[in-house]
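*Asks:* The residues making up each chain are set out below.
There are 2 protein chains.
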Amino acid sequence: MDNKKSEKDLEASSRRDFFKKTAIMSAVALSGTSLAASEDDHAIMHHPKWGQTWGDPITKNLYGVPSKYEHNVTRRYTKLLASGNYRASIAVTPIHESEGIITPNGLFFSRAHGGVAHIDPNEFRLMIHGLVEKPIVLTLDQLKRYPSVTRTHFIECPANGGQEWRAPQFNSLQFSKGFMSCAQWTGVYIKTILKDLGLKPEAQWMLAEGSDNSEMGRTVPLDKVLDDAMIVWGQNGEALRPEQGYPVRLLLPGWEGNLCVKWLKRLEFSDEPWYAKEETSRYTALKPSGKAIQHFYANEVNSTVVKPSPEKPWTDLKEGDVVEIEGLAWSGMGTITRVDLSFDGGNNYVEAKLKGLVLPKCWTRWSYLYTIPKGFKHTNGKQLLLTSRAMDDAGYIQPTVQQEVDMMGVESIYHRNGIETWEVNEKGEVNHVQIRKV
Amino acid sequence: MDNKKSEKDLEASSRRDFFKKTAIMSAVALSGTSLAASEDDHAIMHHPKWGQTWGDPITKNLYGVPSKYEHNVTRRYTKLLASGNYRASIAVTPIHESEGIITPNGLFFSRAHGGVAHIDPNEFRLMIHGLVEKPIVLTLDQLKRYPSVTRTHFIECPANGGQEWRAPQFNSLQFSKGFMSCAQWTGVYIKTILKDLGLKPEAQWMLAEGSDNSEMGRTVPLDKVLDDAMIVWGQNGEALRPEQGYPVRLLLPGWEGNLCVKWLKRLEFSDEPWYAKEETSRYTALKPSGKAIQHFYANEVNSTVVKPSPEKPWTDLKEGDVVEIEGLAWSGMGTITRVDLSFDGGNNYVEAKLKGLVLPKCWTRWSYLYTIPKGFKHTNGKQLLLTSRAMDDAGYIQPTVQQEVDMMGVESIYHRNGIETWEVNEKGEVNHVQIRKV
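Sequences listed follow chains H and R, in order.
Straight run, no breaks: the first sequence in numbering that gives the first Met the number 0 ends on number 437.
Straight run, no breaks: the second sequence in numbering that gives the first Met the number 0 ends on number 437.
Please keep in mind that the hints were generated in silico from the structure rather than gathered at the bench.
Some clues are possibly wrong.
Identical chains blur together in the list; that is why a pair holds if it fits in one copy or across any two.
[Stated by the list, open to error] Distance condition first, Cα-Cα at most 25 angstroms in a straight line; then the derived SDA-like pairs of lysine to any residue:
| hint | residue 1 | residue 2 |
| --- | --- | --- |
| 1 | 133 | 427 |
| 2 | 426 | 146 |
| 3 | 426 | 141 |
| 4 | 133 | 316 |
| 5 | 436 | 346 |
| 6 | 67 | 49 |
| 7 | 143 | 68 |
Given the structure is predicted, the values throughout are model-derived calculations rather than measurements.
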């Protein structure tokens, strides 16, 4: 709104525009409560009990916490995802409760191989050495003196969805897709530091090593280092959380979570990869041939329907209600360009709308306004089979489950990004199914 | 990076680009520790004590909390900002620790007039009535069935900086500018709901009323309602915090914080404004004439230097070190277009660089690379006087302190957005000063 126009002009034109526009929302679902509906409603409106007592002083909770009524919104874990004990395991993000593209720090998925380390930032040191002219050991304060950048990126464990190569294991959005979160990261580009230290021409690979007791070691090709690799200390405007690697981690936008080494202690440059433990015995994809793919890095283009989900079904809706189907799409190789939605498990698609910010290697929201059919049955007479399919600007599209299994077999664990399906039954309940042949 | 090129081609071209670019960062400040510098450094690198014990299992803290080492990063309060007791007061955001443009929910500034209410979302009701065809009472679930939007906006108390009309009161960035925070908000446009309910042509104003015991009531002109006014339930990807109005608040992007009524209970449409208590006895600007301005709404264009600050000075730096000066800029009337920086209290300016996302009515980061002069003295022989000046796309620029006082006097409390100054003394300490005449 241009403040320099007269207020009256603005008011008149807004009102004309407002009444002219098609009332697309005139059929939005409401329970249709009118003002006279309920004595209880009136009591709540006029004399809510929380309005009749003092609230808390602002001196309480100088680091705030969620409402007690939100106690069910947490990370979750299961024995199925623990390697013997819960120090080598994952606690997954409640994606079904998510809004927008930021995961609040308390809900960011937590993955460790030897438990979450707690590091005194005053004792933290970052060593950068190997094929550099000037090797160095930095304190946190020294690291933070570099010019910083802030970028919004998801981090995804490449095992996200990896339980379901054969069939759906989790009738849950949180467990089937919650090995990922998205945040604003603040740190410094490694290439900025390298201009300072001087990279030797023979350098081709970088080892990143963590200082927790599992000492995660991963080799990163130099291209990625010189592209957008960052050393980060900030997560959504404050320090990293211990679960995300406080005080410093590596961030390789779009690349596997384990490559984004937490509790970072050193970077070493070399002319050869390291073939460390975590990139040979783990984080490789076993193909039906018996050989394993070792060098894959980016989480591929992917998507999911978020609303509805098994946790948050459509049981309160009825025929004729208009509802917003909503979901997420993301790609480690670039920016989401399009998301399609199917109601019949992938035979036919319509194009969904991208909502809000659309950024590279970042969660992207999509939506589609839909009218609930009778008995939640599609026009083909079958129960709704909701599925989304995303595309990125690197030219990739999600495969079907069958295409992916034909290519990768069922033993590769990682990088599963085939199209997933929710079935909506006649009551509006939502179940995780798979369409193996479309 | 286009994955379809050969890896070798990419590697060669990145490397050539890398070595060709001007090494602008070759003089970045580092304490210059080399690898051989310290036995302690080596001990930490090779045998950090946190790497020799198990970390925490991922089952701990299913809603995560910050590292214990971050215990100093909190909201803060002072008696100077309390109206008799701490239920009518404010706890301010530690801006000096901020990164990027998101304020994590636990640090979002907390302002209440009768204490922070705690509301059971099952008992929450939102009444929308008055000059609408179809008045309604909505539960939270019903409200959330509307198509949602997510937008990143700051919320600022109009008293931000209001302690300093006469002289600087707070030698602190947190207290002098911390009456604001920025987050991603999820909710529904009021205009979307109004298409459903039908607005009557005579409606010109909307009352928003809170349900906490202070029952904040503010009148909003219809233009703003039909523009970008939202009813929000989401804050950085989770539910609103109690301090920010859980479960539902009004959000008027760019407008005074109190207008963004928290713990919302009703919206009523009328042909006249209400002149409620909080918009007559409070939140009006008393001019030297003795009359008060009643109808102002948007927080005007503003900025601050964040790095350095009184809390985080330059005492660890010396002559020749290259450091990144950094700050925030924001405007309730539009998008930041430019930020200038001065080293001599506003006589001469250079243009700073905008960093990261630049969004309307949103915090915007800016930065400038600077070489520390001897004794922190500017070329004019005086101690550095760092000041920033922002411009927005509505055509406004921050006034000087003197210009603002000449126009508004010193009693108006609110909407103070004059240019602020930090003086850097010979030790690198940073103090809040004011330049009254430039």
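*Asks:* All hints, please: hold or fail.
*Replies:* Verification of the hints:
1. 133 / 427: Classified as neither; 63 angstroms inside a copy, 28 angstroms across copies.
2. 426 / 146: Between. Shortest inter-copy distance 22 angstroms satisfies the 25 angstroms Cα cut-off; intra-copy 55 angstroms does not.
3. 426 / 141: Result: close only across copies, 18 angstroms inter versus 59 angstroms intra.
4. 133 / 316: between (65 angstroms within a copy, 21 angstroms between copies)
5. 436 / 346: within (10 angstroms within a copy, 72 angstroms between copies)
6. 67 / 49: Classified as within; 14 angstroms inside a copy, 33 angstroms across copies.
7. 143 / 68: Classified as between: cross-chain Cα gap 17 angstroms, same-chain 38 angstroms, threshold 25 angstroms.
Of the numbered hints given earlier, the model fails hint 1 alone.
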